[in-house]
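Asker: Here is what each chain is made of, one letter per residue.
There are 2 protein chains.
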Amino acid sequence: MSEFDLIERIRARAARRDDVVLGIGDDAAIVRVPAGRELLVATDTLNRGVHFPENTLPAHIGWKALAVNLSDLAAMGGTPAWCTLSLSLPQADMAWLDSFLDGFVELARLHEVALIGGDTTRGPLSVSLTLVGHAAPDQALLRSGAEIGDEIWVSGTLGDAAGALAQWRSGAQVAAPLRLRLDRPTPRVDLGQTLVGVATSAIDISDGLMADLGHICRASRVGARIDVSALPLSNALRDRFDVAWRHSLQATGGDDYELCFTAPHSARSQLASVAEACAVPLTMIGTIVEGTSVRAHMGDGSPWMPTTTGYVHFT
Amino acid sequence: MSEFDLIERIRARAARRDDVVLGIGDDAAIVRVPAGRELLVATDTLNRGVHFPENTLPAHIGWKALAVNLSDLAAMGGTPAWCTLSLSLPQADMAWLDSFLDGFVELARLHEVALIGGDTTRGPLSVSLTLVGHAAPDQALLRSGAEIGDEIWVSGTLGDAAGALAQWRSGAQVAAPLRLRLDRPTPRVDLGQTLVGVATSAIDISDGLMADLGHICRASRVGARIDVSALPLSNALRDRFDVAWRHSLQATGGDDYELCFTAPHSARSQLASVAEACAVPLTMIGTIVEGTSVRAHMGDGSPWMPTTTGYVHFT
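Read top to bottom, the protein sequences are chains S and D.
The first sequence maps to residues 578 to 892 in this note's numbering.
The second sequence maps to residues 578 to 892 in this note's numbering.
Pulled out of the complex, with its shape left as it was, chain S reads as follows (with noise of 0.2 Å):
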């Protein structure tokens, strides 16, 4: 078993694109860029024990190494199209292989992505998957552009992800649903696209909502006022965690991968019909104010602070 085997299975179940004018086996692949369209370029690394569970399913390792690129085109409102993918793996082993692809291919589908190059290492288990995609010029979504007065908000529920890794760590049992958030997170490209015009900015929560948010004001030289009680919640996770606890893992839990915009209150109509046009609920939780930070308070206005903190590398 060589690495040529690898790339053969690989290149065997690589999804083909009329752009692709070259796929996998020669020294770079060759693509048509859409005339008109600037190029948007997303690189993100998962390594076992550090961005997933050793105890993780390949397929589910397939599916995030993609969303969690995917995810960060979403947040540009971009339109992803090709990839590269570099495995790095213990040993050459098929099986792991082939469901690592399952998991990796039936996302790659539903985006129309094609993984056109990479390679394939010896090494502890790691997957860096580069996504290529494209935008209409000066029309992507950057983290730069909320205003002060502009309400925020963001989709889906949040801290399940979070919530799944603290039941994992701790030894219990970990909740179902929670555990497909952590594991298999939806990227919300199509809300991303849909927002173009409409969001003055975005960005993907990966690192928890207080970070994540955090990065917004700094790009955009503003502070930001959020109500920890309103932050969207499901029903797993009120299910499995008291109040106090649940709102430290809405507001510094990370790997959700849903997205947090900034909005004009002018524009709340225009996002009741973005929401329903891509099915995901979209929720009010604050405003740009002026400041260098974001500050947290309850419904009835009191100071909230966290009894975690979110998920920061090298600390």
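What the hints contain is simulated information worked out from the structure, not anything from laboratory work.
Treat each hint with caution, since some may be false.
[To be verified] Short, incomplete list of chain S residues facing chain D, as computed with Cβ under 7 Å: (1) L616; (2) T620; (3) S663; (4) E683; (5) P701; (6) A717; (7) L719; (8) N812.
[Said to hold, decoys possible] Label pairs and their computed distance ranges (CB to CB): (9) D:R845 with S:D767: 49 to 59 Å; (10) D:H842 with S:R609: 33 to 43 Å; (11) D:R588 with S:D679: 35 to 45 Å; (12) S:P858 with D:V773: 45 to 55 Å; (13) D:V627 with S:V820: 16 to 26 Å; (14) S:E867 with D:A856: 52 to 62 Å; (15) S:D679 with D:N812: 45 to 55 Å.
By construction, the Cβ of each residue, glycine as well, lies at the ideal position given by its N, Cα and C atoms.
Take the given structure of chain S and dock chain D to it, following the hints.
Answerer: Just chain D now, kept in the frame of chain S:
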């Protein structure tokens, strides 16, 4: 010291290009592709202990991570432009990162490559780089264009990097000129671009001449005959290995990142001009023939057999 500190350090040293609309710091980068060009995408990963010896200087790892990808684009005759970098580090070590960036930035500047994104993660040392460039439509050099009767050429000298690895593995003192070839390979970017319209096929020599020429044969559905005694040889390799070992290193050793390409006999005078323009020696080493495999012979026509085999991952 957080992931964000590392990214800030990297961003501060990333080169700028006019066609980068948005570099490091948002969910994805945005670049403008020159009108009328096709996109080239290559990905290569380096893992410690697999792709470079444990004692490799960080600056050399930074150089090499970019060099191996530039070499892929060189083999396509493409123009490199932008890259993303995925860096997995055991701990957040600023001194290590600064040295790594020294080597990376030095080579990036030579080829005007802008670093536009990527990520840093905690894990065993691993560097995955995706390089994006462009080429004129239908002009890229492919592995599949070799024709029977074409002559086979290589650039530079062969076996030096493998010679360094052989010395290192045996515990011997590694000769400095050989180690430099292993640590800081020279991607033949100018040569590749100049070969467009001249060469019928091309590949870069990363796995070893026999293996890589074999890829050309498979893609072009032809065979190859090469004269092992004609393979270009550095003084450093000649001084340190006997003839039999040296021939094996030259014919099967990887990591030289020279180009191997095919061209019709009628291109000889053009190739002399190419060699002069690019200031790199080009050596004719054999001929494309009917068949499916690479056969090697000595100067007197007797068959040649390797005494060691090329480097293959996962065997």
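Asker: State for each hint whether it applies.
Answerer: Status of the hints after comparison with the structure:
Annotation: interface hint on S:L616 holds; nearest CB of chain D at approximately 5 Å, less than 7 Å. With a cut of 7 Å, the hint placing S:T620 at the interface with chain D holds, because the nearest CB-to-CB distance is about 4 Å. With 7 Å as the threshold, the beta carbon of S:S663 comes within range of chain D, its nearest partner Cβ sitting at about 4 Å, so the hint holds. For S:E683, the suggested interface contact is broken, since its CB lies about 22 Å from the closest CB of chain D, more than 7 Å.
Taking 7 Å as the C-beta contact cut-off toward chain D, the hint placing S:P701 at the interface holds, the least distance being around 5 Å. With a cut of 7 Å, the hint placing S:A717 at the interface with chain D holds, because the nearest CB-to-CB distance is about 6 Å. Below 7 Å, beta-carbon pairs count as interface contacts, and S:L719 has one with chain D at about 6 Å; its hint therefore holds. Among the interface hints, the one on S:N812 is violated; its C-beta lies about 29 Å from the nearest C-beta in chain D, farther than the 7 Å criterion.
Between D:R845 and S:D767 the Cβ separation comes to about 57 Å, which falls inside the hinted range of 49 to 59 Å. One distance hint, 33 to 43 Å for the beta-carbon pair D:H842 and S:R609, holds here, with the actual separation near 34 Å. Between D:R588 and S:D679, the C-beta spacing of about 37 Å keeps the proposed range 35 to 45 Å intact. Taking 45 to 55 Å as the suggested C-beta distance range, the pair S:P858 and D:V773 conforms, at roughly 53 Å.
Look at D:V627 against S:V820: about 49 Å separates their beta carbons, and that is not inside 16 to 26 Å. For the pair S:E867 and D:A856, the supplied restraint of 52 to 62 Å holds, since their beta-carbon distance comes to about 59 Å. The hint said 45 to 55 Å for the Cβ distance between S:D679 and D:N812, and at roughly 53 Å that hint holds.
Taken one by one, the earlier hints fail for this structure at numbers 4, 8 and 13, listed in ascending order.
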